[in-house]
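A.B. asks: Spelled out from the first residue to the last, the chains are:
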Amino acid sequence: MRHATFLRFFLPTAIAMLLFIAMPIVSVVVQSVYAPHDRVVIEVENCTPFGCTKSTAIDQAATQKLRDENPLGRFVGGTIYVDRSHLAFAEVAEAWRQSATAGDFAARLMNLPFYKALAFTLTYLVFVTPLSILLGLLVALAVNAIPRILRGPTIFFSLLPMIVTPLIGALILFWMVDSRGIIGAAVQWLANDPDLSLKASTPLTWVMLIVYGTWSTAPFAFVVYYAGLQTVPQDTIESAMLDGASRWHRLRYVVLPHLMPLTTFMFLIKIMDNFRVFEPIVSFNAGAHAQSLSYFIYSDLGGETRLLSSAAATSVLTVAGVLVLLSPVLVRTWRQFGKA
Amino acid sequence: MTRSARSRSVTLNALIVGFLAFWLLLAIFPFFWTLWGSFKVEGDFFSKATWQNAVFGPLTLLEHGSAFTGAGYRGAWIQEEFWRSALNSLAVVVCVVVFSLSIGTLGGYALSRSTYRYAFWLLLIALVFRAMPPITLVSGYLLPFYQWNLWGHLPTAIVVLVAINQPFTLWMLTSFFRNIPKDLDESARVDGCTQFQAFRHVIIPVMWPGVITTGLFSFLLAYNDFVVTAMLLSKQNQTMIPKIASFLGTTQTEGNVMFAVSSVVSVTAPLFLLVMFFQRQIVSGLTAGAVKG
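Heads up: the sequence lines are chains A and B, in that order. Its first residue numbered 153, the first sequence is counted upward by one per residue in the working numbering. Its first residue numbered 35, the second sequence is counted upward by one per residue in the working numbering.
Watch out, some of these pointers could steer you wrong.
Partial selection, computed: residues in chain A whose CB lies under 8 Å from chain B [claimed, not checked]: (1) 153; (2) 171; (3) 308; (4) 310; (5) 330; (6) 424; (7) 434; (8) 474.
Stretches of chain B that chain A covers, calculated by requiring three or more beta carbons in the stretch to come under 8 Å of a beta carbon on chain A [stated by the list, open to error]: (9) 49-63; (10) 96-110; (11) 114-125; (12) 150-163; (13) 245-255; (14) 295-305; (15) 309-321.
The hints are simulated quantities; they were obtained by calculation from the structure and are not laboratory data. All figures in this text were calculated on a predicted structure; none of them were measured in a lab. A virtual CB, placed ideally from N, CA and C, is assigned to each residue, including glycine.
Given these sequences and hints, build the entire structure.
C.D. replies: Right, dumping it as structure tokens:
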């Protein structure tokens with residue numbers, strides 16, 4: 153296809169992505185180095201027959217003039233990045249000096265909102281990704297072993313946790329783990345502690361979110377592995393059987409290696425998706441115990457005062473995180489491309 | 035396969051069936067429980083006394099004279115005007131699917147037929163864009179949208195969702211178009227068609243299976259979206275998902291939670307039907323990228 157024709161076909165989608173994906177990224181970078189103007193404060197003297205009082209007032213006209221002259225705010229460079237809500241270098245250094253043990257240092261780090269959010273996001277990523285892939289593999293192997301006629305309905309029901317809106321799937325589970333809900337009550341009964349609340353404890357909130365994440369993403373792994381199992385070469389399986397390979401050996405040395413490329417692919421997709429974990433935290437109303445990077449940005453944007461600069465700085469750091477996570481793929485592609 | 039099935043031991047079979055039954059219970063039970071509970075009053079669905087209240091609904095019986103009540107649905111749909119959000123959602127979903135497929139098919143077709151290296155790089159950039167958390171983009175939109183008075187309107191959210199959807203649509207459609215033999219449109223070109231005529235008369239008639247599958251995923255993205263619609267739409271333009279979130283945010287008055295429960299069931303029902311009718315397409319779409327590597 154010639155360049156001009158290609159351009160004509162590709163232009164609409166290119167414009168859409170340029171305006172609404174590339175430009176916002178530029179926009180957050182710009183926003184993150186500007187802070188809102190301070191209000192211009194003037195001192196007013198109110199004189200009454202009983203004497204004069206001084207009070208401060210906001211000079212609306214001057215503030216407005218300042219805003220109109222420089223709508224982005226005042227340039228502050230990298231200071232937002234290093235303030236207490238973000239990278240907090242000063243606080244980290246302070247914590248490092250004061251803490252005797254690594255555990256102590258980690259505990260102090262957890263008081264800084266950005267590191268807290270980063271810690272939860274990475275914990276979620278590290279647990280949910282392998283657990284959901286493993287669960288998906290087990291379900292796929294099991295479904296592949298049942299009679300063909302039962303497979304259709306099984307696949308239908310297995311897809312549901314993934315297809316349903318994340319916010320809603322999480323809400324449904326949240327209502328069940330409520331201390332007055334069925335799972336919450338069951339846990340209280342098992343632990344023999346009528347006051348136990350899954351929502352009130354930070355570790356249990358994290359566990360709940362991870363369980364939800366595994367529940368909702370395992371179906372994707374299941375479907376991909378199930379499709380992969382249909383393409384396992386049957387003659388290899390049969391010759392392995394002739395050679396006396398046990399069921400476990402066939403699984404270990406024939407089936408799993410065949411599924412390996414799928415596993416790599418799924419790790420890539422799941423890492424991207426889990427890094428942006430967000431909706432379950434809203435549903436579980438868990439902001440006090442677990443914040444992800446996305447939720448951190450959301451709460452900055454959504455509050456009474458919209459902290460655009462702070463949200464922008466976190467966004468830039470998040471985008472940097474995405475690039476770091478993707479870098480193995482990008483580097484590998486770069487190498488392959490260099491060879492080609 | 036049949037032979038290995040026969041040779042399987044009883045223990046292993048029992049293990050497989052037991053595990054699957056457990057998984058299915060895990061997958062379906064929450065939905066069933068919520069559907070059942072949505073016809074109860076709050077005191078029954080969230081019962082301090084015993085979980086059996088949620089099954090038999092003694093308080094519902096006391097309040098409404100029957101063990102089932104549509105009060106939650108009536109409250110959500112009529113009193114809280116959930117129907118308005120449903121209409122907004124419908125408008126957003128239809129527009130997003132139509133627009134993202136129209137520009138996505140053109141772009142995907144171009145990428146699949148181009149032999150130059152930039153096609154590859156464009157796909158790689160799309161992958162990076164696909165990995166961006168939408169909330170980071172939203173924080174980039176807010177300031178300019180406020181200043182240009184674009185904030186709060188349905189068309190704004192639609193355009194943004196179409197754009198966010200493009201990287202995924204492009205990946206999927208490119209892989210579908212690569213499966214359509216190049217000879218088809220090349221022979222049309224030899225017969226004197228322009229590239230666009232070849233696309234129009236040769237490719238469009240055979241592209242529908244791929245487009246429908248991609249459309250399903252565009253539908254899911256728009257229907258399930260919370261981030262963009264919650265941050266960019268004003269209150270009267272809210273779609274269903276942010277509306278449900280707002281049921282939870284308001285002070286927990288009696289019955290308000292049941293509005294949320296019943297609207298959650300209302301939102302999930304269309305998804306059930308979707309999976310029921312398009313299961314094959316959804317499965318093929320999920321595996322399209324993966325199985326080929």
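A.B. asks: Would you mind marking each hint as holding or not holding in the structure?
C.D. replies: So, going through the hints one by one against the coordinates:
1. 153: Constraint on residue 153/A satisfied, holds at 5 Å.
2. 171: holds, 7 Å
3. 308: Result: holds, 6 Å to nearest chain B Cβ.
4. 310: holds, 6 Å
5. 330: holds, 6 Å
6. 424: holds, 4 Å
7. 434: Given a least distance of 6 Å, the restraint on residue 434/A holds.
8. 474: Hint on residue 474/A: holds, closest Cβ of chain B at ~5 Å, below 8 Å.
9. 49-63: holds (count 9)
10. 96-110: violated (count 0)
11. 114-125: With 0 residues closer than 8 Å to chain A, the segment 114-125 of chain B misses the three-residue bar; violated.
12. 150-163: holds (count 10)
13. 245-255: Per the Cβ count (1), the hint is violated.
14. 295-305: holds (count 5)
15. 309-321: Coverage by chain A holds here, the residue count being 7 at a Cβ distance below 8 Å.
When each numbered hint is compared with the structure, violations occur for hints 10, 11, 13.
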